[in-house]
Amino acid sequence: MSQSDRNGLTYSDAGVDIDAGNLLVEKIKPAVRSTRRPGADGEIGGFGGLFDLKAAGFTDPVLVAANDGVGTKLKIAIDADRHDTVGIDLVAMCVNDLVVQGAEPLFFLDYFATGKLDPDQGAAIVGGIAEGCRQAGCALIGGETAEMPGMYAGGDYDLAGFAVGAAERGKLLPAGDIAEGDVILGLASSGVHSNGYSLVRKIVALSGLAWDAPAPFAEGQSLAEALMTPTKIYVKPLLKAIRETGAIKALAHITGGGFPENIPRVLPKHLAAEIDLDAVKAPAVFSWLSKTGGVAATEMLRTFNCGVGMIAVVSADDVERVSAVLAAEGETVFTLGRMVARAEGEAGTRYKGTLAL
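Residue 1 in the UniProt record's numbering sits at position 1 of the sequence shown, with consecutive numbering throughout.
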């Protein structure tokens with residue numbers, strides 16, 4: 001053996017395992033294949049993912065793109081060693097941002113970075129991503145797995161997602177006809193979704209509860225299990241309502257920043273959203289977070305969705321029609337408020353009633 005062979009370092013010596021990466025790719029191929037749809041064949045392995053807009057049925061499309069992560073909800077996944085649902089959150093945070101603009105999500109790419117690649121953990125994560133893609137009707141056409149020793153502590157990882165959708169030209173939301181007196185419909189959330197988890201983790205630390213302790217607000221679930229409930233994906237019901245009724249004027253995804261940050265993003269400057277807090281049925285998790293952390297209602301409303309993951313703006317005449325389509329698709333829909341005139345310098349949201357926590 002020559003001197004150079006004996007002293008020769010390998011990539012593996014530096015902490016990067018190419019074989020583990022290859023094994024992960026083989027493990028995830030069936031999950032990726034399960035997301036195929038018109039326009040995408042659901043195979044991975046090339047240098048880039050391909051998508052055929054014509055095969056997807058579009059004639060004159062405008063493309064809409066969104067990217068996001070899961071935030072510190074990942075720390076709960078890591079601490080509790082539960083990795084099969086954070087991929088749903090990753091997809092949800094991107095595709096819900098597409099559908100609010102009237103776009104149908106077409107394809108998704110993920111970025112998964114870790115200190116030490118565990119193929120089984122990686123496969124569980126990608127399995128969740130594929131499940132999210134199936135719920136949203138988009139194809140998982142590619143991704144990147146980065147093993148970066150020294151960048152991430154043992155067991156830590158991060159996720160980022162990238163989604164592209166399309167809408168026919170002239171069909172994008174918000175429409176330009178939002179008017180005073182229009183009704184704001186609320187769509188129930190599945191829980192905390194993927195926002196405010198740095199505060200959630202602080203409250204859990206204050207409570208002294210372990211992740212495997214029974215959740216005080218969810219019977220039969222551990223604390224980690226309950227707090228890991230995936231973000232709801234609203235894509236298919238909303239696309240159906242948009243296409244069948246033509247009556248949705250605007251949609252807003254209620255993420256970090258709650259009502260006051262997200263609703264005004266889709267409103268004209270002369271209108272404000274008057275929210276009836278008595279109409280909000282906040283799930284028990286929010287009451288527990290508020291009481292355990294001593295978090296004021298105003299802070300809850302600007303940090304969490306508080307039980308409303310999505311809002312739709314429709315004219316008063318279309319409330320029943322739109323609500324019926326959404327309810328038939330399994331959504332819990334309720335009248336959350338209405339559009340009112342906004343004075344110069346006034347905030348884009350105002351409240352009446354009280355949030356029941």
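A hint or two may mislead.
Unchecked claim - Straight line, CA to CA, 30 Å or less: simulated DSS-like cross-link-like pairs of lysine-lysine: (1) Lys236 / Lys249; (2) Lys171 / Lys202; (3) Lys236 / Lys281; (4) Lys236 / Lys54; (5) Lys249 / Lys291; (6) Lys281 / Lys352; (7) Lys281 / Lys291; (8) Lys27 / Lys291; (9) Lys202 / Lys291; (10) Lys291 / Lys171; (11) Lys75 / Lys352; (12) Lys249 / Lys202; (13) Lys27 / Lys171; (14) Lys236 / Lys171.
To be verified - Just the calculated beta-carbon pair ranges, DEER-fashion: (15) Gly170 / Met148: 40 to 48 Å; (16) Arg265 / Asp13: 28 to 36 Å; (17) Ser12 / Arg201: 19 to 27 Å; (18) Gly294 / Asp158: 43 to 51 Å; (19) Ser190 / Arg36: 34 to 42 Å; (20) Glu180 / Glu320: 39 to 47 Å; (21) Ser190 / Asp276: 42 to 50 Å; (22) Ala205 / Thr354: 39 to 47 Å; (23) Phe334 / Tyr11: 53 to 61 Å.
To be clear, the hints were calculated from the coordinates, so they are not data collected in a lab. Computed from a predicted model, the values in this text were never measured in an experiment. Cβ coordinates follow ideal geometry from the N, Cα and C atoms, glycine included.
Now the hints, each set against the structure:
1. Lys236 / Lys249: 17 Å, holds
2. Lys171 / Lys202: 43 Å, violated
3. Lys236 / Lys281: 23 Å, holds
4. Lys236 / Lys54: 20 Å, holds
5. Lys249 / Lys291: 37 Å, violated
6. Lys281 / Lys352: The given pair, whose Cα atoms are some 15 Å apart, holds under the 30 Å limit.
7. Lys281 / Lys291: 16 Å, holds
8. Lys27 / Lys291: With a Cα-Cα distance of about 43 Å, the restraint between lysine 27 and lysine 291 is violated, given a limit of 30 Å.
9. Lys202 / Lys291: The given pair, whose Cα atoms are some 13 Å apart, holds under the 30 Å limit.
10. Lys291 / Lys171: 44 Å, violated
11. Lys75 / Lys352: With Cα atoms ~36 Å apart, lysine 75 and lysine 352 exceed 30 Å; violated.
12. Lys249 / Lys202: 38 Å, violated
13. Lys27 / Lys171: 39 Å, violated
14. Lys236 / Lys171: Given pair lysine 236, lysine 171 holds - Cα atoms ~17 Å apart, limit 30 Å.
15. Gly170 / Met148: 40 to 48 Å: With a Cβ separation near 44 Å, glycine 170 and methionine 148 satisfy 40 to 48 Å, so the hint holds.
16. Arg265 / Asp13: 28 to 36 Å: With a Cβ separation near 50 Å, arginine 265 and aspartate 13 fall outside 28 to 36 Å, so the hint is violated.
17. Ser12 / Arg201: 19 to 27 Å: 34 Å, violated
18. Gly294 / Asp158: 43 to 51 Å: Violated, since glycine 294 and aspartate 158 (Cβ atoms, about 31 Å apart) do not stay within the stated range.
19. Ser190 / Arg36: 34 to 42 Å: 26 Å, violated
20. Glu180 / Glu320: 39 to 47 Å: 20 Å, violated
21. Ser190 / Asp276: 42 to 50 Å: 22 Å, violated
22. Ala205 / Thr354: 39 to 47 Å: Given range 39 to 47 Å: violated, Cβ gap about 28 Å.
23. Phe334 / Tyr11: 53 to 61 Å: 56 Å, holds
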